[in-house]
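Peer 1: These protein sequence lines map, in sequence, to chains A and B.
Mind the numbering: the first sequence is residues 39 to 631 in our numbering, read in order.
Mind the numbering: the second sequence is residues 212 to 355 in our numbering, read in order.
Honestly, the hints are just simulated from the structure, not real lab data.
The reader is advised that the hints may include incorrect statements.
What the hints assert, rightly or not - Listed next, the stretches of chain B that the computed footprint assigns to chain A, with coverage defined by at least 3 CB atoms under 8 Å from CB atoms of chain A: (1) 253–267; (2) 306–314.
What the hints assert, rightly or not - Cut-off 30 Å, straight-line C-alpha distance, at most; resulting in silico cross-link-like pairs (BS3-like, lysine-lysine): (3) K507/A x K614/A; (4) K325/A x K295/B; (5) K180/A x K295/B.
The beta carbon of each residue, even a glycine, is placed where N, CA and C say it ideally should be.
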Amino acid sequence: MTHRSRNRSRSRRRVRMGRPTFRLRAGLLLMVFVFSLFAGRLVQIQGIDAHAYSELSDKYEGATEVTLTASRGAVVDRDGAPLAQTVDAELLFADPTRTSAKAPQIAKIIADRIDVSYLTLVKALRKPGTQYSYLARRVMPKDADAIMAELEAKDLAGVYTERDPLRTYPAGDIASNLVGFVGSDGHGLAGIELAMEQMLKGKDGHATYVTDAQGTRIPLADSSVVEPKPGKGVALTIDEDLQFYAQRRLRQAVDDTGSISGAVVVMDPRTSQVLALADYPSFDANKPGKAPKADRGSRAVQDVYEPGSVQKVLTTAALIDAGKVTSRTKVSVPGLLRRGPDTIKDWWPHETLHMTLAGVIARSSNIGTAVAAEQIEPEDLYDYLRAFGLGQRTDLGLAGETKGLLPPPESWQPISRDTIAFGQGLSVNAVQMTAAVSAIANGGEYVRPSLVKGYVGAGGEVEPAGPAKSRRVVSKNAADQVTEMMEMVTADNGTAPSAAIDGYRVAGKTGTAQRVNPDGGGYEGGGYTLSFAGFAPADDPRVVTYIVLQKPSTSDGGGTAGGPVFHDITSYALQKYGVPPTGSRSPELPLGY
Amino acid sequence: MSSFLAQTRARVPRLADAVAQQRARLSVVRRPEQRAPRVPFAALVLAVLGIGLVGLLVLNTTLQHQAFYANSLEQRADGLAERKQSLEIGVDALRAPGRVAREADRLGMVPNSSPAFLFLADGTVRGTPAPADPQHALPLDTSD
Numbered sequence: 039m040t041h042r043s044r045n046r047s048r049s050r051r052r053v054r055m056g057r058p059t060f061r062l063r064a065g066l067l068l069m070v071f072v073f074s075l076f077a078g079r080l081v082q083i084q085g086i087d088a089h090a091y092s093e094l095s096d097k098y099e100g101a102t103e104v105t106l107t108a109s110r111g112a113v114v115d116r117d118g119a120p121l122a123q124t125v126d127a128e129l130l131f132a133d134p135t136r137t138s139a140k141a142p143q144i145a146k147i148i149a150d151r152i153d154v155s156y157l158t159l160v161k162a163l164r165k166p167g168t169q170y171s172y173l174a175r176r177v178m179p180k181d182a183d184a185i186m187a188e189l190e191a192k193d194l195a196g197v198y199t200e201r202d203p204l205r206t207y208p209a210g211d212i213a214s215n216l217v218g219f220v221g222s223d224g225h226g227l228a229g230i231e232l233a234m235e236q237m238l239k240g241k242d243g244h245a246t247y248v249t250d251a252q253g254t255r256i257p258l259a260d261s262s263v264v265e266p267k268p269g270k271g272v273a274l275t276i277d278e279d280l281q282f283y284a285q286r287r288l289r290q291a292v293d294d295t296g297s298i299s300g301a302v303v304v305m306d307p308r309t310s311q312v313l314a315l316a317d318y319p320s321f322d323a324n325k326p327g328k329a330p331k332a333d334r335g336s337r338a339v340q341d342v343y344e345p346g347s348v349q350k351v352l353t354t355a356a357l358i359d360a361g362k363v364t365s366r367t368k369v370s371v372p373g374l375l376r377r378g379p380d381t382i383k384d385w386w387p388h389e390t391l392h393m394t395l396a397g398v399i400a401r402s403s404n405i406g407t408a409v410a411a412e413q414i415e416p417e418d419l420y421d422y423l424r425a426f427g428l429g430q431r432t433d434l435g436l437a438g439e440t441k442g443l444l445p446p447p448e449s450w451q452p453i454s455r456d457t458i459a460f461g462q463g464l465s466v467n468a469v470q471m472t473a474a475v476s477a478i479a480n481g482g483e484y485v486r487p488s489l490v491k492g493y494v495g496a497g498g499e500v501e502p503a504g505p506a507k508s509r510r511v512v513s514k515n516a517a518d519q520v521t522e523m524m525e526m527v528t529a530d531n532g533t534a535p536s537a538a539i540d541g542y543r544v545a546g547k548t549g550t551a552q553r554v555n556p557d558g559g560g561y562e563g564g565g566y567t568l569s570f571a572g573f574a575p576a577d578d579p580r581v582v583t584y585i586v587l588q589k590p591s592t593s594d595g596g597g598t599a600g601g602p603v604f605h606d607i608t609s610y611a612l613q614k615y616g617v618p619p620t621g622s623r624s625p626e627l628p629l630g631y
Numbered sequence: 212m213s214s215f216l217a218q219t220r221a222r223v224p225r226l227a228d229a230v231a232q233q234r235a236r237l238s239v240v241r242r243p244e245q246r247a248p249r250v251p252f253a254a255l256v257l258a259v260l261g262i263g264l265v266g267l268l269v270l271n272t273t274l275q276h277q278a279f280y281a282n283s284l285e286q287r288a289d290g291l292a293e294r295k296q297s298l299e300i301g302v303d304a305l306r307a308p309g310r311v312a313r314e315a316d317r318l319g320m321v322p323n324s325s326p327a328f329l330f331l332a333d334g335t336v337r338g339t340p341a342p343a344d345p346q347h348a349l350p351l352d353t354s355d
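Let the hints inform the model, and build the full structure from the sequences given.
Peer 2: Pasting the structure below:
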């Protein structure tokens, strides 16, 4: 007991009093030891292994700067059905320095999943002198994931993925003439994709952050993020179903008549919104490269042609509005009409006929129209036609739109007023002509046609496009009289009974014009342009449809070729939009006297 | 200021005198028994250190854990977004007008070429209903 207590007291004393010198030395030694460990490690890291560490950091760690690509806005139809959209996809690339040894195994795994040839892959996996070799672009994420999982499972390293958004057109060739397509860099090259590029593409952002070897962000490390601004979507006025039907019906018509091309425009006359704009031949927007360049645009806005007799509708409206004639005005129509050195003929031979203006329209007499138009000054006719939108772009928003040709009255020859009155010696595009007829259907008020209904924000909210500009061209009375005359065209004894829709009042007008030979030499060998414009119900128009067929091999007039197409497409639209017949009857206008 | 300095200077010799007096009377001084106990203080320091260390560790672990969790959630979100996208692509393909038309054609259906409406309110029919004409079948090809 005493021994223990002594011991304890001694040890306590040692702790209490200590031996300062020894403690100092021991402490110093310890510190020197620890610091030399640090110094040694420092030399090892900074001096000996420096290269390896910097390589490692290059590979894994450090601030990673990533571009956050703004997603491109979608293009949708009037009900939100996608016509163009961007989907996530991935790009596969390889580091050939790591893959060349096992290229065949890797290539087989990839070729089994996606549509790239085995040999191409092996070649890419063995590409010499690079650490970056493309394998495949725009691989669907599920395929890319499956490939990467299988490669990892088989311990095959050296294949990587990168984000590579893919622009798809779910509807294929439906509205491709309007929507356009993008190039391999993702920028719009045609149609709305080109015209609305700035709005669709948005603004890229970027992020900088520190990650570990697994790519996990290290918390509390430096990071900065500038969020990308996604592009806005564009909602078109197009109705995808109607567009589909119009395109297929047009294709049938072009094939049946042996035409070289054709176009159909369907509009709502109250707003001049384009419900369908079909062109044929067209192309699949997913494979634009496979179609000839001429088919990748929209002929309905790019091609000009002489409108032919559909023009008589506009001339007559101008004449009535100017107070020169009415639908019952008597016109004496000679068999031939001499104008200086030229002679004007009708499409059917006849002696002098006694027709009302309604009869002139119903039978589509060139001579009758020319005689009636004698009452209007060229300047006045020109002003009316300008007001109907001829000779100017409709600014629908598509690239390459033509403005057509309406010669100024100063340059008119003596015969110009006559030919322009019945649709020759001036040229138009299909949308212009539809908008002009639409003005008649809309009671004489021209509304500038539009193709864009609104812009879709990131949250799906739609910001409507500005209201369309409108102007009065002719009085309501003039428009109504013209409409009644146009109803005679689809009557049993008119030029286009095939355009009539049972139960409905249908107004229409046929057009046949010589087509200028694009190879030069005037009209020689150019063939004809057949067209038909009309709307229904005539007393409360809801749908305006215009059909143009270029250079058909058949020699039938616009009524025979265009009438049935008008009938089918307009019937479809009336049903789709639930427009019942109005129940009223067409007035019986006297056609002769 | 200068007066203050003068005062201090004057006070120093007086203090020195007092120390001298103390030294003069030497005596055995007992070590004061009442020293501040060391254990609680050491324990306190250790506790602070320990809590700090553990706290830091916990914080760090939590952050790391959350980073991993966030990462795994992000991966899951990516996976779900992929799935949503592929389902949407599927739906778009199924509801495309071309596909619907083809299916309808397969069932022998043709577009109705004579629109007519039945008004349930008064039982009237507007338009001229007629059986659909097979001639109005829309020619479709394989690409539609």
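Peer 1: Of all the hints numbered above, which does this structure not satisfy? Sort the numbers upward.
Peer 2: 1
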